[in-house]
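Working from the sequences, and respecting the hints, build out all of it.
Going down the list, the sequences are from chains A and B.
If you're matching positions, the first sequence starts at 1 in the numbering used here and goes up one per residue.
If you're matching positions, the second sequence starts at 1 in the numbering used here and goes up one per residue.
Treat the hints with care, as some may be off.
Calculated pairs, PhoX-like style, for lysine-lysine (alpha carbon to alpha carbon, straight line, at most 25 Å) [to be verified]:
id	chain 1	residue 1	chain 2	residue 2
1	B	Lys236	B	Lys218
2	B	Lys51	B	Lys272
3	B	Lys272	B	Lys212
4	B	Lys236	B	Lys212
5	A	Lys88	B	Lys87
6	B	Lys51	A	Lys88
If you are wondering where the hints come from, they were derived from the structure by calculation, not from laboratory data.
Chain by chain, the residues:
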Amino acid sequence: MLNRTSTRVCGRGRTPRPRQSEFRIRIDRFGEFFISAVAFIAIAIIFLIFIYVAREAAPLAWRTVDGISIWSPFQTPYMWQPVGGIPKFNVLPLVVGTFKVTLIAMLLGTPLALAAALYTAEFAPPSLREWIKPAVEVLAGIPSVVVGFFVLIVLASWLQDAFNFEFRLNAVSAGIGLAFAVIPLVYTVSEDALTSVPKLYREASLALGASKAQTAIRVVLPAASPGIFAALVLGFGRAIGETMIVLLASGNASTLSLSPFVPVRTLSATVASELGEVVFGGGHYRVLFLLGVILFIITSIVNWVGARYNRRLRQRLFGAT
Amino acid sequence: MNQRHRIVTIAAVLLLAASCAAPPSEKQNINLKGSDTMLQLGQRWAEVYMKDHPGVTIQVTGGGSGTGIAALVNGTTQICQSSRPMKDEEKASVKQQRQAEVTEIPVAVDALAVYLNRQNPIDHMTMEQIRRIFQGEITNWKDVGGPSAGIVLYGRENNSGTYVFFKEHVLANGDFAERYQPLGGTAAVINAVIKDVNGIGYGGIGYATDVKAISVAKDAASGPVPPTMENALSNKYPLSRFLYWYTAGSPAGTIKGLVDWVLGPQGQNVVKDVGFYPLKGASESQ
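What follows is the structure in structure tokens.
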């Protein structure tokens with residue numbers, strides 16, 4: 001688009017040179033091709049990663065490797081202890097652990113992130129807004145290993161002293177660490193969604209006599225809800241796949257419990273801590289790839305459901321898409 | 001044509017020979033990989049040995065005995081350090097992948113210590129009590145003579161030889177309690193027990209600083225035995241074990257030199273320095 005406009009601007013006043021413009025059109029076409037190729041490569045890479053992960057797990061589907069079949073991760077007892085006399089590969093404690101930590105992170109992180117986004121988009125004076133947004137975005141740049149280490153060494157002890165936790169590292173400490181990763185993401189995306197609500201909406205609302213707070217909560221927030229919902233889905237995906245923070249801060253015990261105060265072991269942390277050590281091609285190795293597939297399926301389902309719901313939301317708000 | 005072929009062949013052979021002949025005149029590389037328990041020990045051995053043998057470079061990596069054995073199977077390390085004896089299946093897979101029998105070399109003796117926080121009043125336990133604690137049958141310190149507080153279990157990840165040794169020798173191959181928290185290394189276990197008054201952990205005696213390594217009784221009838229050198233060597237301490245090196249095929253050349261040195265007085269002195277126990281009588285006989 002930009003290219004074409006500039007051609008027209010340049011062409012004005014001078015004698016048109018057909019060869020040149022033909023060349024430019026060609027460049028334009030090439031650019032278009034290049035950009036779409038890059039987009040397709042990104043999709044292809046994700047697809048190939050999935051294929052590779054699934055391929056490593058696949059032999060379990062048609063034969064048992066070291067006594068492990070595709071059903072082993074779903075057999076009783078509900079216990080993940082892959083090394084020992086009778087290895088136990090039940091995946092339920094890991095799935096429960098993963099969702100528990102993710103849920104805690106979302107429950108702690110999203111209200112904060114949304115409130116902050118609403119404040120910066122609607123209430124903060126412009127000079128302050130210019131400071132807050134970059135500051136929160138810097139938070140996103142903190143490497144997760146640093147966050148995890150901070151929770152492991154400092155925060156977990158504070159929490160234990162403050163709330164008298166029996167276990168120093170538990171789902172809550174990991175969830176708080178994860179919230180550090182979720183907040184900046186949810187904040188940035190939802191803040192963008194709020195600011196992109198047309199000014200007209202606000203003016204109309206204020207003109208009808210609504211207060212600033214009423215406008216923000218009853219008009220702007222609903223109008224931005226598809227974008228905010230997308231932010232939540234992104235945050236959820238980030239939290240569920242995050243590895244380093246939970247690896248360091250969760251205690252890694254594969255407990256099957258709904259209590260948030262016991263240590264947990266997540267799918268991603270299990271793969272990270274065990275994959276480096278297993279015999280290449282062995283049963284344990286294949287099961288870890290199966291965990292990868294399960295994690296991939298969970299995030300895909302969440303994203304897909306999120307996208308569908310988002311479309312419905314948009315239709316309800318703005319009519320036909 | 002034929003002549004040119006011959007010249008090319010000769011040139012290629014010469015090149016190949018030159019490239020093969022070159023390395024021995026340069027530095028020799030030896031990889032040591034495996035047990036985290038033995039990581040410090042391996043690094044100290046490497047330092048001292050490289051000082052005396054400038055032609056040899058030794059690279060030491062940890063990761064756990066399982067990692068080392070996997071590396072020996074894959075051929076990415078020459079020597080595997082392991083804090084547990086290799087299983088028959090593992091030996092078989094080395095043989096299958098590397099076409100060579102595994103050589104097992106005990107290089108040091110370790111007492112697997114059970115660590116408690118310094119503030120914990122308990123200083124001895126029976127093997128049965130330790131088993132019941134780690135299997136989750138005993139969950140409160142008051143049941144083993146301590147204050148009324150929940151027990152928090154720490155230990156190693158399942159790639160660790162120490163984990164496997166503990167599971168086999170203490171838990172009689174039973175499962176760890178659900179709330180058992182596996183950590184990435186012995187140093188992390190020590191750190192956790194230092195931070196947690198109600199914590200209990202296990203690991204090599206060489207790491208037991210700032211924590212209490214308790215005495216262990218084989219059963220209720222026999223008295224508790226502290227994890228000292230004499231007790232480990234005489235096998236009175238119920239959790240003493242060998243630390244091993246494994247090679248594919250019998251060691252030869254530079255590697256044999258290193259193995260002999262490690263088993264000799266100098267190598268065994270390093271073992272003592274690091275906090276493990278030298279092999280019985282090794283320092284006197286050699």
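Evaluated hints:
1. Lys236/B / Lys218/B: holds, 9 Å
2. Lys51/B / Lys272/B: holds, 19 Å
3. Lys272/B / Lys212/B: Status holds; Cα separation ~20 Å.
4. Lys236/B / Lys212/B: Cα-Cα ~19 Å, so holds.
5. Lys88/A / Lys87/B: It holds: about 19 Å lies between the C-alpha atoms, which stays within 25 Å.
6. Lys51/B / Lys88/A: violated, 47 Å
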